[in-house]
Amino acid sequence: MKIAALLAVILAGGMLIYAGQDLPAFGDQKSPANQHPIVEYYINNSQSESGVGNIVTAVLANYRGYDTLGETAVIFTAGMAVLLLLRRREI
Amino acid sequence: MSRIQESVVIRTVVRIMVPFIEIFALYVIMHGASGPGGGFQGGVIFGAGIILFTMIYGIKEGKQRMSDKLSRILSSTGLSIYTGTGLLCMVFGGMFLQYNVVPLLSLDPANVSAILIDVVEIGIGITVLVIMISLFFDISPPEEDELRFSEEEEQ
Numbered sequence: 001m002k003i004a005a006l007l008a009v010i011l012a013g014g015m016l017i018y019a020g021q022d023l024p025a026f027g028d029q030k031s032p033a034n035q036h037p038i039v040e041y042y043i044n045n046s047q048s049e050s051g052v053g054n055i056v057t058a059v060l061a062n063y064r065g066y067d068t069l070g071e072t073a074v075i076f077t078a079g080m081a082v083l084l085l086l087r088r089r090e091i
Numbered sequence: 001m002s003r004i005q006e007s008v009v010i011r012t013v014v015r016i017m018v019p020f021i022e023i024f025a026l027y028v029i030m031h032g033a034s035g036p037g038g039g040f041q042g043g044v045i046f047g048a049g050i051i052l053f054t055m056i057y058g059i060k061e062g063k064q065r066m067s068d069k070l071s072r073i074l075s076s077t078g079l080s081i082y083t084g085t086g087l088l089c090m091v092f093g094g095m096f097l098q099y100n101v102v103p104l105l106s107l108d109p110a111n112v113s114a115i116l117i118d119v120v121e122i123g124i125g126i127t128v129l130v131i132m133i134s135l136f137f138d139i140s141p142p143e144e145d146e147l148r149f150s151e152e153e154e155q
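Going line by line, the protein sequences match chains A and B.
Each residue of the first sequence is one higher than the one before, starting from 1 at the first, in the numbering used here.
Each residue of the second sequence is one higher than the one before, starting from 1 at the first, in the numbering used here.
For reference, chain A alone in the conformation it holds in the complex:
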């Protein structure tokens, strides 16, 4: 059983390493994610539209505000679920 688990881990890890060879280099300008026109839009307009210098924050809180609201709601829901299930009695 342990050998089977080890083999499964090695197989999965090997597949990930093999697939990792095809990833674009870090910060590669020609990678598909960096060639999308929205990238240029964010770089040119995020300062004038959002007023924050950090493009990541502008995308996180302004352009993708709904997404971040959902993330916060997910964290809140997870906390409430743990609170309801695992809460210790008041003593």
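No wet-lab data here; the hints were simulated from the structure.
Don't take every hint at face value.
[Unchecked claim] Partner residues aside, some chain B positions facing chain A, computed with beta carbon under 10 Å:
#: 1; residue: His31
#: 2; residue: Pro36
#: 3; residue: Gly43
#: 4; residue: Asp68
#: 5; residue: Ser71
#: 6; residue: Phe96
#: 7; residue: Asn100
#: 8; residue: Val120
#: 9; residue: Glu121
#: 10; residue: Val130
#: 11; residue: Ile131
#: 12; residue: Leu135
Beta carbons: idealized from backbone N, C-alpha and C, even for Gly.
Take the given structure of chain A and dock chain B to it, following the hints.
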């Protein structure tokens, strides 16, 4: 109480470090608009500071700093700040979370949205830090004296 918790060195170092960790967390939250940082990261650092304190000084001392009632109130407050900011934009005729329509101190729209992004980050930070702390309190094992007390209660 374990030997680590009784160590004078660790107790003193934690006492000294926790305020600086909290200040750094507030800095990370407020710095989110102009550099690396933001509500999620700052909230986690703030929560980690209180968790560090609780690990050394015990659950009871930790709960004096962050009581169950306070954490219940604050966890929903953070999300309400975020949603309230979105609804505020709707009140002034924009879409949900369209920050630049709010007439705040007659600043130009870009500055208004920068301020409201900070408000939203604070909301995220409050939610994350309170949930971190309450998760830690909920799944931590009861302390020895606490355990003895609850056993007596059951009998």
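Against the structure, the hints:
no.: 1; hint: His31; verdict: holds (9 Å)
no.: 2; hint: Pro36; verdict: holds (7 Å)
no.: 3; hint: Gly43; verdict: holds (9 Å)
no.: 4; hint: Asp68; verdict: holds (8 Å)
no.: 5; hint: Ser71; verdict: holds (9 Å)
no.: 6; hint: Phe96; verdict: holds (8 Å)
no.: 7; hint: Asn100; verdict: holds (7 Å)
no.: 8; hint: Val120; verdict: holds (5 Å)
no.: 9; hint: Glu121; verdict: holds (7 Å)
no.: 10; hint: Val130; verdict: holds (7 Å)
no.: 11; hint: Ile131; verdict: holds (3 Å)
no.: 12; hint: Leu135; verdict: holds (6 Å)
Of the numbered hints stated above, none is contradicted by the structure.
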